[in-house]
Amino acid sequence: MNAEIKVIKQIAPNELVLICGLPGAAYIGKLSIDYLIQQLKAELVGEVYSRFFPPFVIIKEDGLVELMRNELQHVRDETGRDIVFLSGNAQAFSPEGQYEITDKVLDWAIEKGVKRVYSVAALVTDREFEAPNVYATATSALMLEEAKSKGAQVLDHGVIGGENGLILGLARKKGLDGICLLAETHGYQTPTGEYVIDPRASKAALNVLTQFLGIKVDMEPMDKQVAQMDEAIAKMAEIERRVREEMMQSGKRPSYVT
Amino acid sequence: MQDEEVWIKRNETPPLKNPVVVVGSPGLRSIGKLAVDSLVDQTKATLIAELYSTHFPSVYETSPSYAAHPSMPGEAGAVVELGRADLPKVQFYASANLQLVLVRGYHPNFYGQYVVAQKVVDFLGDLGVERMVVVAGFGSKDKKIVCAANSQKALEDLKTRFDVGVGYKGPFMGFSGLVFGFAKLRGIEAVCLFAGTEPNEENLELPDPEASGRVVELLNRMLSLKK
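Protein sequences appear in the order of chains A and B. Counted the way the numbering used here counts, the first sequence spans residues 1 to 258. Counted the way the numbering used here counts, the second sequence spans residues 1 to 227.
These aren't lab readings, by the way, just hints derived from the structure by calculation. Even for Gly, the Cβ is constructed at its ideal location relative to N, Cα and C. Mixed in with the good hints there might be a few duds.
Calculated pairs, EDC-like style, for lysine to aspartate or glutamate (alpha carbon to alpha carbon, straight line, at most 16 Å) [stated by the list, open to error]:
| hint | chain 1 | residue 1 | chain 2 | residue 2 |
| --- | --- | --- | --- | --- |
| 1 | B | Lys144 | B | Glu81 |
| 2 | A | Lys41 | A | Asp77 |
| 3 | B | Lys226 | B | Asp41 |
| 4 | B | Lys184 | A | Asp77 |
| 5 | B | Lys169 | A | Asp77 |
| 6 | B | Lys159 | A | Asp62 |
Label pairs and their calculated CB-CB ranges [stated by the list, open to error]:
| hint | chain 1 | residue 1 | chain 2 | residue 2 | range |
| --- | --- | --- | --- | --- | --- |
| 7 | A | Glu220 | B | Asp163 | 39 to 45 Å |
| 8 | A | Met247 | B | Leu206 | 40 to 46 Å |
| 9 | A | Arg127 | B | Gly139 | 54 to 60 Å |
| 10 | A | Pro95 | B | Asp41 | 26 to 32 Å |
| 11 | B | Gly213 | A | Lys41 | 45 to 51 Å |
| 12 | A | Glu15 | B | Asp126 | 27 to 33 Å |
| 13 | B | Gly187 | A | Gly161 | 35 to 41 Å |
| 14 | B | Thr46 | A | Met1 | 45 to 51 Å |
| 15 | A | Val7 | B | Glu202 | 47 to 53 Å |
| 16 | A | Lys174 | B | Val80 | 51 to 57 Å |
| 17 | B | Ala78 | A | Val7 | 52 to 58 Å |
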């Protein structure tokens, strides 16, 4: 079981697009795609299992157990176009596993006639900003021009870690059109190393993505999350600023031991 | 050497028809393993199969600790018992009288956990198992037992019949966690009983026979094992 798709429901798409948002920095991809799944009332059509997911299960608050997995959720929009979202509770932990899973999902989508692949990811930055920029990287210059017309900037160079980036690279190899939208975030982490969600960045990514898809989505629930997290992130930024100031005043500098 | 990553050596198996399985493995205060050891003695179940894997650790560069690092769970190396060396293995016992299967688990390395767990669940499915009870521990000062399950119905049943409710949330690592998780994919209804135990920082696997005894007592009632 390097990677296996358990089909929950067969679909016969007319014109399919695949949109990927797996958990990563600040959960921007997952948060964006889970939001669309909820708003568009997408339906679970497939589950992806792999030996390369982290080796544990999650016991949820209600007492039910859940394996690590990715999910394929499907919706047919008003125009008759089919969208499949790839989301989940984990990414594979090794490069080998990330290739296996991404390859499996893309082959499944190709069999269903997919023509275009989107993914949403994070661009972690130290830059101070009022509103996060959204950067785009694509498989063709034409798509980059399209992205610019929708408010995104072109990502000249860089690396996109994990499956949200890999899916674009593999899509290109398989002759598909693809675009990855990367929203800026400071990528705050908790003391235990877990990312803090960044709905403001997700909202920025969704603003571009929904233009690409030509759909309108109620953003009010997301705006509420943005307000809550803005407050929390402001508090964290203030603590970080104070710590920096104290270090500067005391003459101490952050140091590395290698 | 076997070609497969996981292989099973089978012994004679008594007639079984949809037996219940109890699964336990080393882990926090060894509660799961102790419970299975105790039930093997109590029920006089016979050894029906042993599962071996190239993923069972043969050596760790540092002293293994179950909770310290996820890639180094359990023991490493050949197992010596009563002067005889053997490979690390998962053992399956069965009692036809009680229609019961017992699994004494073993932790594979980080990269082999899914392969071993899936093979175990497939084997149990082939034996006709439809119900599973996993036994484990969780850090708590209260001497209580809480549960988790792979269906709402199973949770409600445990609460109604045995007054055992939910009370642990978070990751469940290693052999028993993945066997528990895979059960649903094979159509096996599974519950897990977590016995509260105070973790011992010096030795996280320091046995807690009191906690495992509490679970065995509950299992005896749940599965009518003392006839």
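Hint check:
The hinted pair formed by Lys144/B and Glu81/B fails the criterion: a straight-line CA distance of about 33 Å is larger than 16 Å. With a C-alpha separation of about 10 Å, the suggested pair Lys41/A and Asp77/A falls inside the 16 Å cut-off, and the hint holds. This hinted pair checks out: Lys226/B and Asp41/B have alpha carbons roughly 13 Å apart, not beyond 16 Å. Between Lys184/B and Asp77/A the CA atoms are separated by roughly 32 Å; this puts the pair beyond 16 Å, and the hint is violated.
The hinted pair formed by Lys169/B and Asp77/A fails the criterion: a straight-line CA distance of about 37 Å is larger than 16 Å. Simply put, Lys159/B and Asp62/A have alpha-carbon atoms about 13 Å apart, close enough for the 16 Å limit, and the pair holds. Our hint of 39 to 45 Å for Glu220/A and Asp163/B holds, since their Cβ atoms are close to 43 Å apart. Roughly 42 Å separates the CB atoms of Met247/A and Leu206/B, a value that falls within the hinted 40 to 46 Å.
Between Arg127/A and Gly139/B the beta carbon distance is about 42 Å. The supplied range of 54 to 60 Å is therefore violated. In this structure, Pro95/A and Asp41/B break the distance hint of 26 to 32 Å, their C-beta atoms being roughly 46 Å apart. Between Gly213/B and Lys41/A, the C-beta spacing of about 50 Å keeps the proposed range 45 to 51 Å intact. Our hint of 27 to 33 Å for Glu15/A and Asp126/B is violated, since their Cβ atoms are close to 43 Å apart.
Under the hint 35 to 41 Å, the C-beta atoms of Gly187/B and Gly161/A, about 37 Å apart, fit the expected range. Between Thr46/B and Met1/A the CB atoms are about 31 Å apart, so this pair departs from the stated range of 45 to 51 Å. Remark: the range hint 47 to 53 Å for Val7/A to Glu202/B is upheld by a beta-carbon distance near 49 Å. Separated by about 52 Å at the C-beta atoms, Lys174/A and Val80/B satisfy the suggested range of 51 to 57 Å.
Taking the beta carbon of each, Ala78/B and Val7/A are about 43 Å apart, not inside 52 to 58 Å as hinted.
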